[in-house]
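Chemist: We have chain H already, so just place chain D on it with the hints.
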Amino acid sequence: MSDPDCIVFVIDDDSLVRDSVADLLNSAGFTARTFGSATEFVQSQRPDVPACLILDVELPGISGLDLQTELTKSGIEMPIVFLTGHGDIPMSVRAMKAGAVEFLTKPFGKQKLLSAIKEALLRDGEVRKQRSESFELQKRLATLTPRERQVLALVVTGRLNKQIAGELGTTDVTIKVHRGRVMRKMGADSLADLVRMAEKLKI
Amino acid sequence: MDVQPGDVAEEIKRLQRCIRDLVSLFALPAMWSGAEPYQIVHTLLDALLRMLQLDLVYVRLRDPGGGVPLEMVRFAPSRDQAAQHRPQPREIGEVFKHWLGADPRAWPPLIRKPIEGRDISIVPLGLGLQGEIGQIVAGSERADFPRQTERLILSVAANQASIGLQGAQLLSEQKQVALAREKAEAELRERATGLEAKVRRLIDANLMGIFTWNTEGRIIEANETFLNTVQWGREDLASAGMHWTDLTPEEWRARDEMAVSDVMATGTAQPYRKEYFRKDGSRVPVLVGAARFEERGSDGVAFALDLTEQKHAEEAFRRVEEQARSIVDSALDAVVVMDADGMIRDWNKQAEETFGWTRPEALGRRMVDTIIPAHYRLAHEKGLEQFLKTGQGPVLNRRIEITALRRDGAEFPVELTITPLKSGDAWTFSSFIRDITARRQAQEDLRNAQAELAHVNRVMTMGELAASIAHEVNQPLAAIVASGDSCTAWLQSEPPNLEKARAAADRIVQAATQASDIVRRIRALFKKTTSISTPLEINEVIAETISLAGGEVQRKGVSLNTALAVNLPAVLGDRVQLQQVILNLMINATEAMAGVENQPRRLTIQSLPSGTGEVLVSVADTGPGIDPQHTARLFAPFFTTKAEGIGMGLSISRSIIEAHGGRLWAAANQPRGAVFHFALPFVTNA
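Sequence lines, in order, name chains H and D. The numbering of the first sequence is my numbering, which starts it at 80 and goes up by one. The numbering of the second sequence is my numbering, which starts it at 42 and goes up by one.
So here's chain H without its partners, still in its complex pose (with noise of 0.2 Å):
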């Protein structure tokens, strides 16, 4: 199940362990980066695709597990693959609590690998889906009027028509009318649909 539109970035200062996983991907049908740094990693500028990362553990400068947390404080949420030479117990459970998809010892076999690159670039996915999910409904809500937006809130509570009009002073036919359009311009079928929506907006 390779996907030519994934990306999978190496982050190895070993150059033959480096080429050697990004040939096994290749391999595999993925589309491999390598980078001999953390450093190197975060200067690049890499394409808004779905993707994963691939890290050695003791890298020099930066090491993995601080990169990790580099990358979480910037928001920029990466499923990560962990590679080490001796994984001790302490070190995997501070990485797989800050998020690591997997913690793989030297050397590893390529099931091993392609799955936990499977389930990584699965895990952006559903990332991405999300977020795009939310960019949209964002998109939606600007185009509301301050009173439509008003009327969204409200009605979310589950509040009739009637007793909104009352909060916001005005009439209850008016109300209706301001409703229809939040409902066409933010695309919801239903009141569940917008109540759904308004969660996820966090409204």
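I should point out that these hints are in silico values taken from the structure, not numbers from a laboratory. Each residue gets a CB set at the ideal place from its N, CA and C atoms; glycine is no exception. Honestly, I wouldn't trust all of these hints.
To be verified - Away from chain D, derived, C-beta distances all over 10 Å, residues of chain H:
id, residue
1, K152
2, I155
3, L216
4, K218
5, T222
6, K255
7, V274
Unchecked claim - Here are the in silico distance ranges between beta carbons for each label pair:
id, chain 1, residue 1, chain 2, residue 2, range
8, D, A709, H, E198, 51 to 59 Å
9, D, S557, H, S142, 21 to 29 Å
10, H, S142, D, Q711, 49 to 57 Å
11, H, R125, D, V617, 46 to 54 Å
12, D, A709, H, S142, 43 to 51 Å
13, H, S142, D, L532, 33 to 41 Å
14, D, N608, H, S142, 48 to 56 Å
15, H, A177, D, V617, 38 to 46 Å
16, H, V128, D, L532, 25 to 33 Å
17, D, L532, H, D272, 49 to 57 Å
18, H, R125, D, L532, 31 to 39 Å
Modeler: Chain D in isolation, oriented as in the chain H frame:
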């Protein structure tokens, strides 16, 4: 009587002359009164010579004191002048003695002997009843000598002379007695005045209080010092008629009475301590002694020495002593003082607690039997003997750690300082002894903790080393595995991508080469760090390693034995690396025996010199031994039979030993188990 009728007139004249002579003789003793014997003899001889017309007369007087006899001789004046040689009285005496014999009592009344060609009639007579005063000898050439009247005169003269001489002798004796008495009296007088002056001087010198007394208890006279001592005035003494009992506190009266009775019985009272009242009622401590002037007299003299100063000094001394005592008693160390005979002379409270003997029990005991364990006693006694002989002692004046003996027989470690002190001619030895059982225990605990820490460190170092080796080696292994997989994948793809497959195969070769480089580098690393080479006692290195790993070994139920040769030559090497080798061999041996049940687990470390200039060390176990099929690969890197092993231990160990110019090999132990040997060359030029 042969009287001739014609001679009657002559005879009468002769008789008349005789009577006259006799009267003269009878008058002689009165003349002689108070005369010396020689004066008596002198007049006697003159009288006889004249009266009897003798040719010679000789007298010999015995000296009453047994000294030289007084001899005197007179010759007729005609003979005296004629004589060419005038014989000495002694010569005459000798001649008479020869003629008459030695015993005057046996003398004949008359003899005739020729003297200078003429016969002489000689008549000897004794002086005194038995001739005890002397002898008188009269001689005359006349043939009729002595006539009857002449013999009468001679005997009367002898008699008178005897009386006179006895008187003279008596007088002389009386004189001598008087003289002697006078002399004695003079001496006595002189001595008395001298003694008195001396006593006076002694009293007036005021070196100490002196007073004279009588048996009634009166103080008759006292010197200044005494008055100062009791602070009474001379006028008090004179007016009050002071009694010594007035000066004496009640409780000292009985002692005074004893002294008085001593004086009465023996004439003196030995000095004793007492107190007198001063005029102001305070008391003064004194030392008094007394003596009677005369044997039966009632007067005497006494001295009183003021002991106030001494008492102060004694009190000060006692205070100092008490302070010293309390310091010694409150000391946290046991203080034991021993004399040169080895007897305990002091023993403080802490000593009581430390050793379990109370002070009264300990004093007078021999120190060697009390606190010194049996195996140190000989050394102690020799040391003491040596010190007393040479003044040198190896354990003196410094802090040493040694074992002491408690009363219950328990031995315990102490810190000991012995200080010799010379007091007069005698040595004493003060020992300060501190029970360091707790400190030892703490040290032991600390050492154990340190050993544990060192062990942990060592193990961690080994662990880190293993980790770093693992990382280093796992890198190329990861590359090999990944490239192997991709190579297969490229070959299996449709169509097979041979170029990609070859590239993958190239990387595999490259990675494998890298791996072998890493191993070589690790081994080289050990070779390179061998540069810290110092001469080492291999037994020390073994002992240090045992202190690191011994606990671990024993925890695994393994008994650890050593058989270390003494006086091994030094080897040149790196202490830590050699420790690592020994540690590695010990751990391997221990782990090899982990599965041994129902049989002893014994680890034996041995050192011995080889005949070929090497020190041999062997580490033997009683485990299952080395599987013959593993023998070839035993020292190869990454060869291991242990689940947790990385297979570097023996490889590294061999690298270390070879870097030291030595050899490491394995063999079978008898009756079972394995033994690893290594040999290191001696340091050749020391």
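Chemist: Against each hint, give a clear statement of whether it holds in the structure.
Modeler: We went through each hint and held it up to the structure:
With 10 Å as the threshold on Cβ separation, the claim that K152 of chain H sits away from chain D holds: the shortest Cβ distance comes to roughly 27 Å. With a closest Cβ-Cβ approach of about 26 Å to chain D, I155 of chain H is found to remain outside the 10 Å limit, as its non-interface label requires. Every CB of chain D lies more than 10 Å from the CB of L216 of chain H, the least distance being 43 Å, so the non-interface label holds. With a least CB separation of 43 Å from chain D, K218 of chain H remains clear of the 10 Å interface cut-off, as annotated.
At roughly 50 Å, the least C-beta separation between T222 of chain H and chain D is larger than 10 Å, which holds for a residue marked as non-interface. For K255 of chain H, the non-interface assignment is confirmed: its Cβ lies about 64 Å from the closest Cβ of chain D, beyond the 10 Å cut-off. The Cβ of V274 of chain H lies farther than 10 Å from every Cβ of chain D, with a closest approach of about 50 Å, so its non-interface assignment holds. For the pair A709 of chain D and E198 of chain H, the supplied restraint of 51 to 59 Å holds, since their beta-carbon distance comes to about 53 Å.
For the pair S557 of chain D and S142 of chain H, the supplied restraint of 21 to 29 Å holds, since their beta-carbon distance comes to about 28 Å. Remark: the range hint 49 to 57 Å for S142 of chain H to Q711 of chain D is upheld by a beta-carbon distance near 53 Å. R125 of chain H and V617 of chain D have their C-beta atoms about 50 Å apart, which keeps the hinted 46 to 54 Å range intact. Separated by about 48 Å at the C-beta atoms, A709 of chain D and S142 of chain H satisfy the suggested range of 43 to 51 Å.
Evaluation of the 33 to 41 Å hint for S142 of chain H and L532 of chain D yields a pass: the beta carbon distance comes to about 36 Å. Restraint check, N608 of chain D to S142 of chain H: a C-beta distance of roughly 54 Å satisfies the suggested window 48 to 56 Å. The supplied range of 38 to 46 Å is met by A177 of chain H and V617 of chain D, whose beta-carbon atoms lie about 39 Å from each other. Taking the beta carbon of each, V128 of chain H and L532 of chain D are about 30 Å apart, inside 25 to 33 Å as hinted.
Judged by the Cβ atoms, the range 49 to 57 Å given for L532 of chain D and D272 of chain H holds: they are separated by roughly 53 Å. Separated by about 32 Å at the C-beta atoms, R125 of chain H and L532 of chain D satisfy the suggested range of 31 to 39 Å.
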